[in-house]
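Engineer: Add chain B to chain A, keeping to what the hints say.
Here the protein sequences come in this chain order: A and B. The first sequence begins at 1269 in our numbering and counts up one residue at a time. The second sequence begins at 1269 in our numbering and counts up one residue at a time.
Be careful, since some hints might not be right.
Since copy identity is lost for identical chains, a pair holds within one copy or between any two.
[Stated by the list, open to error] With a straight-line cut-off of 25 Å between C-alpha atoms, the simulated DMTMM-like cross-links for lysine to aspartate or glutamate are:
(1) Lys1324 with Glu1312
(2) Lys1490 with Asp1516
(3) Lys1414 with Asp1325
(4) Lys1490 with Asp1335
(5) Lys1424 with Asp1454
(6) Lys1414 with Glu1297
(7) Lys1486 with Glu1274
(8) Lys1541 with Asp1277
(9) Lys1432 with Asp1492
(10) Lys1490 with Glu1297
(11) Lys1395 with Glu1337
(12) Lys1424 with Glu1408
(13) Lys1453 with Glu1297
(14) Lys1620 with Asp1308
(15) Lys1324 with Glu1462
Just so you know, the hints here were simulated from the structure itself, not pulled from any lab data.
2 protein chains.
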Amino acid sequence: MEFTNELFDELYEFVETKQLKKLREILSELNPADAALFFDRLEEKNIPIVFRILPKDLAGETFSYMDPESQELLIRSFNDNELRQIINDMYLDDVVDVIEEMPANVVARILQTANQNTRQQLNELLKYPEDSAGSIMTVEYVSLNKNKTVAEAFQKIRREGIDKETVYTCYVTEKRKLIGTVSVKDLLLADEEESVGNIMVSNVPAVDAYEDKEEVAKAFSKYDVLALPVVDKDGRIVGIVTVDDAIDVIEEEATEDIEKIAAITPSDRPYLKSSAASLWLQRIPWLVLLMVSATFTGAIITSFEDALQAFPALIAFIPMLMGTGGNAGGQASVTVIRGLALEEIRMGDVFKVLWKEIRVSVMCGVVLAVLNFIKIIVVDNLIFGSGITTLENLTVSLTLVVVVFSAKVIGSTLPIGAKRIGLDPAVMASPLITTVVDAISLIVYFAIATQVLTI
Amino acid sequence: MEFTNELFDELYEFVETKQLKKLREILSELNPADAALFFDRLEEKNIPIVFRILPKDLAGETFSYMDPESQELLIRSFNDNELRQIINDMYLDDVVDVIEEMPANVVARILQTANQNTRQQLNELLKYPEDSAGSIMTVEYVSLNKNKTVAEAFQKIRREGIDKETVYTCYVTEKRKLIGTVSVKDLLLADEEESVGNIMVSNVPAVDAYEDKEEVAKAFSKYDVLALPVVDKDGRIVGIVTVDDAIDVIEEEATEDIEKIAAITPSDRPYLKSSAASLWLQRIPWLVLLMVSATFTGAIITSFEDALQAFPALIAFIPMLMGTGGNAGGQASVTVIRGLALEEIRMGDVFKVLWKEIRVSVMCGVVLAVLNFIKIIVVDNLIFGSGITTLENLTVSLTLVVVVFSAKVIGSTLPIGAKRIGLDPAVMASPLITTVVDAISLIVYFAIATQVLTI
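The shape of chain A in the complex, shown without the other chains:
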């Protein structure tokens, strides 16, 4: 049963008419992720009432999937016992996710209410910087000693497993150092008397707790694992990241890159949850920056005012030339930015990229120039009678070739250059490159015009 508008209406009817038993029945049938969607659409006053009718085993997980707004509302309505219960029912990394979204007084109450052991673990997790591997890991994993037998390992999994986020990969440690992993699949297929050390895999990918979470996401997509161990600088395991959190990071990182490409300062908040003021703040600095940098293009045009007075037809092609340059440069830069993000392109590939873009840009430029030359003759002159001279036409078409060439060369190399000096390649995307290309387009245009038209 999936969560649809019809289902919402049906459930809401039960809320309105206080048929809580029927409501509970249907909610119990739902996947927690779907049940959370119902709460997120309920009015504030009803959220605590309906939440209390949820079956115990569903409450914690449903809570994890809710919006921060609904979570905060619920926490404020909980008494200490209820709050402690929910914290116990949730995985620790999910509790950390909740804490990170709450105001300070709610955070303080969560930490106060949690039992001592949980509080200690939470404080441990909260000390890692935002966006680090440590900030998205959990400490709930099963660790094994290499000298134990498979049967003993299963005993330990059965004893501790209920509270662990995953039992499918167990971590073999020696003096807290990670020396290998063993999967439950391998344990199931092994002899009961076999030792864990004999069946463990020792070439284990791991990440440092202070590494950027983007690296964690990359490791998941490279190694196809269900969980990744997080280690400190001495190689001691401090936690694990599970694949569901890695998926969130992969989506967040893609969204961030897309926002940067479109000249928006990235934000964690979904669009509809963002206030107009915060959206404005994400966008206005870039608009101002790009507007001010367009002063150059204005200055270039002003300095060629005489040429434009002599050949007014040239003005009409300025938008087309600048637009094509921006698009051609944007194509190259975005391709390279994404390639860098997915590590399909590395720093050492700069000459390979350049050579490829040179060939592509010549092919694109020549085709565009020829089509434009024909278009001016047929559409502009024959149909609209604009009376553009062949020399003017030649000027525009020649400019196209040079503009596309320089746009692609700049567009492809600027992101790599940015990465080399430690900047984020994504901010070098279309809008910024467009500004550079705009200025170059105009200079080239007027330079060619001066030669061809002998102004």
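Structural biologist: The following block gives chain B in isolation, referenced to the frame of chain A:
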């Protein structure tokens, strides 16, 4: 041990000096994903030689991770026995991935060589359309009967598990219909005599085999599962998609959207593996389309030639106005496109989006107009002595407000409109919106100029 340039050099040294034993030793220590990276960088002639020294248990998995080019080369060098062995060692969905990249004669040989059962399953999987859930699923899962006990379930997992891609979620079926799932974790924590039906979860998210694989990816990010069952139209289970394949889809879909946003026809091939001709083909149609559509802006400028002759200062601001409009519209459209892709924005939200964008655009427009007004007085007039009149300045600043407003309104609604009529919202991104906004900017500019400057 991770794969680095130094490690490559070290290993390559062993290849050159034919120290195959040492090479084998180090390769065995590597994670298969890293070992595959080594093969992808090796020259063609050495790939088959080195591959044959890999330990048997590493060969299949390493092969799965290789580039299609290396895989094809190896398949051509294999005799039938070797090929059959590799196919047996790989998971079926990985074999399908390989087949999809191979030329027809190699595909024919793979299907011929596989044993009858495998061939049947492969043909079954290959019949699903590209980009469907069926095309990325595997048929290697464990199915259970609800009347079996936990102990019997473990027997079945032990018997069949070695060949299954995942054993951690088992699928409970009744007359092949999916009626629930049971996780190995729950099996481990349950009593041996308990029946599977009693501990299974029955609210199972599933996808239709013909559904777009993008929907599969969305289900993974929503439900936090390790595998998702794929069903036919009668609810019978036909396969499962595992989370590692879902991660690939999530990354591919993000790349596709980024490419469409930058006016590039998406492609599966990594940049460095794409020929210049194929890159050209991905880009040129959009460049031509956008160049031709810029004819409108040219026509608008031409029709206002007299106004521009009377007030030549206006020409210099055309790039800034069009650029700002393009950037403002791009910000709005890209935000909405990503929101639609992540289902944070739904079709019904169009008025919420519009109202938000109206407020943001007024705030952005007014700030830009004021800053621009001051900039023209200080920079253009005082510093560069451009002599722009207050009325001209007013024209430009007023235009900015209207341009930003219309850019954001169009930018945010066009993608939603595209989705409503069944088009991909991502193609409505920056470049296409820029073209529309460019035309509007110019019309607004000249209309305001006509009024303010009484041309």
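Engineer: Measure nothing new, just compare the shortest in-copy and cross-copy C-alpha distances for Lys1432 and Asp1492 to 25 Å and report within, between, both or neither.
Structural biologist: Both, since 21 Å and 15 Å are each at most 25 Å.
Engineer: Classify it for me, Lys1541 with Asp1277: is the Cα-Cα distance of at most 25 Å met within a copy, between copies, both or neither?
Structural biologist: within (23 Å within a copy, 51 Å between copies)
Engineer: Regarding Lys1620 and Asp1308, is the shortest C-alpha distance of 25 Å or less found within a copy, between copies, in both, or in neither?
Structural biologist: Answer is between: at 17 Å across copies they meet the 25 Å cutoff, but 50 Å inside does not.
Engineer: Treating 25 Å as the Cα threshold, decide for Lys1414 and Asp1325: within, between, both or neither.
Structural biologist: between (34 Å within a copy, 22 Å between copies)
Engineer: Within a copy, between copies, both or neither: where do Lys1424 and Glu1408 come within 25 Å Cα-Cα?
Structural biologist: within (14 Å within a copy, 29 Å between copies)
Engineer: Up to 25 Å between alpha-carbons, please classify Lys1324 paired with Glu1312: within, between, both or neither.
Structural biologist: Only inside one copy: Lys1324 and Glu1312 sit 21 Å apart there, 60 Å across copies, limit 25 Å.
Engineer: For the identical chains here, do Lys1453 and Glu1297 meet the 25 Å Cα criterion within one copy, between copies, both, or neither?
Structural biologist: For Lys1453 and Glu1297, the Cα distance is within 25 Å only across copies (21 Å; inside one copy 30 Å).
Engineer: Pop the pair Lys1490 and Glu1297 into one bin, within, between, both or neither, using alpha-carbon distances up to 25 Å.
Structural biologist: So Lys1490 and Glu1297 pass the 25 Å test across copies only (17 Å; inside, 36 Å).
Engineer: With 25 Å as the alpha-carbon cut-off, assign the pair Lys1490 and Asp1335 to within, between, both or neither.
Structural biologist: Answer is between: at 13 Å across copies they meet the 25 Å cutoff, but 31 Å inside does not.
Engineer: Reference check for the pair Lys1324 and Glu1462, CA-CA at most 25 Å: within, between, both, or neither?
Structural biologist: between (39 Å within a copy, 22 Å between copies)
Engineer: Please sort Lys1486 with Glu1274 into within, between, both or neither, judging by C-alpha distance up to 25 Å.
Structural biologist: Result: close only across copies, 21 Å inter versus 39 Å intra.
Engineer: Checking an output row: Lys1395 and Glu1337, CA cutoff 25 Å. Within, between, both or neither?
Structural biologist: Within. Shortest intra-copy distance 24 Å satisfies the 25 Å Cα cut-off; inter-copy 46 Å does not.
This entry satisfies every hint, going by the numbered hints stated previously.
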